[in-house]
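J.: Everything in the sequence shown is counted per the working numbering, starting at 1 for the first residue and increasing by one.
Hints listed in this document are in silico derivations from the structure and should not be mistaken for laboratory results.
Among the hints, a few may not be true.
Heads up, simulated DSS-like pairs for lysine-lysine below, C-alpha to C-alpha not over 30 Å straight-line [claimed, not checked]:
(1) Lys79 x Lys104
(2) Lys79 x Lys137
(3) Lys104 x Lys137
If you anchor each label on the Cβ, the simulated ranges turn out as follows [said to hold, decoys possible]:
(4) Gly54 x Glu126: 19 to 27 Å
(5) Phe121 x Gly68: 16 to 24 Å
(6) Glu133 x Glu84: 33 to 41 Å
(7) Glu126 x Arg69: 19 to 27 Å
(8) Gly54 x Phe121: 33 to 41 Å
(9) Gly154 x Glu84: 16 to 24 Å
(10) Thr150 x Ser70: 30 to 38 Å
(11) Asp85 x Gln114: 28 to 36 Å
(12) Glu76 x Glu135: 29 to 37 Å
(13) Glu111 x Trp74: 14 to 22 Å
(14) Trp74 x Tyr152: 17 to 25 Å
(15) Gly117 x Arg69: 37 to 45 Å
No residue lacks a Cβ here, since even glycine has one placed at the ideal position from N, Cα and C.
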Amino acid sequence: MGPRHRSRNASGRTGRRIQLPWRDEMQDQGNATAAPTEPPHASLTVHALNMLTGLPATDLTMHFSRLGRSNEPWQEIMKSTTNEDGRMGGGSVPQGLLAAGTYKLRFDTGEYWQRLGHTSFYPYIEVVFVVTEAERKVHIPLLLSPYSYTTYRGS
1 MGPRHRSRNA SGRTGRRIQL PWRDEMQDQG NATAAPTEPP HASLTVHALN
51 MLTGLPATDL TMHFSRLGRS NEPWQEIMKS TTNEDGRMGG GSVPQGLLAA
101 GTYKLRFDTG EYWQRLGHTS FYPYIEVVFV VTEAERKVHI PLLLSPYSYT
151 TYRGS
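Assemble the whole structure, with the sequences as input and the hints as a guide.
T.: Here is the structure:
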């Protein structure tokens, strides 16, 4: 244990303060809290809700893409459909696929509403977002109707 120091708090009383070793020293000692060698990766979850019925948007096709370097086109990473709960089939995008960068979710809303017997003002919805290295989880809810939609960064 590190050296102990006495300090005075706002009321003038003394208390014990324990000085901990620096993180590098802990790593040198083989401590299990050593920093990972790989950059962190986030996971992505999606939840789509049909605001016309108040139910989950089932079988809504979505395309997940990443923006390449400058002057490169979007690269599709995966294609999926929402399950009976309106969530991305398979639950989420695996952590290894979501490093820092710019991403796009494209929802095929025209086909979805046509299957339900409605026309849609939006043939598709594209949600473009940025993932930073500090993020562990990205959740994107989509509330949709034939003539409007709302999305936000969920938790």
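J.: Report the numbers of all earlier hints that the structure fails to satisfy, in ascending order.
T.: 5, 8, 11, 12
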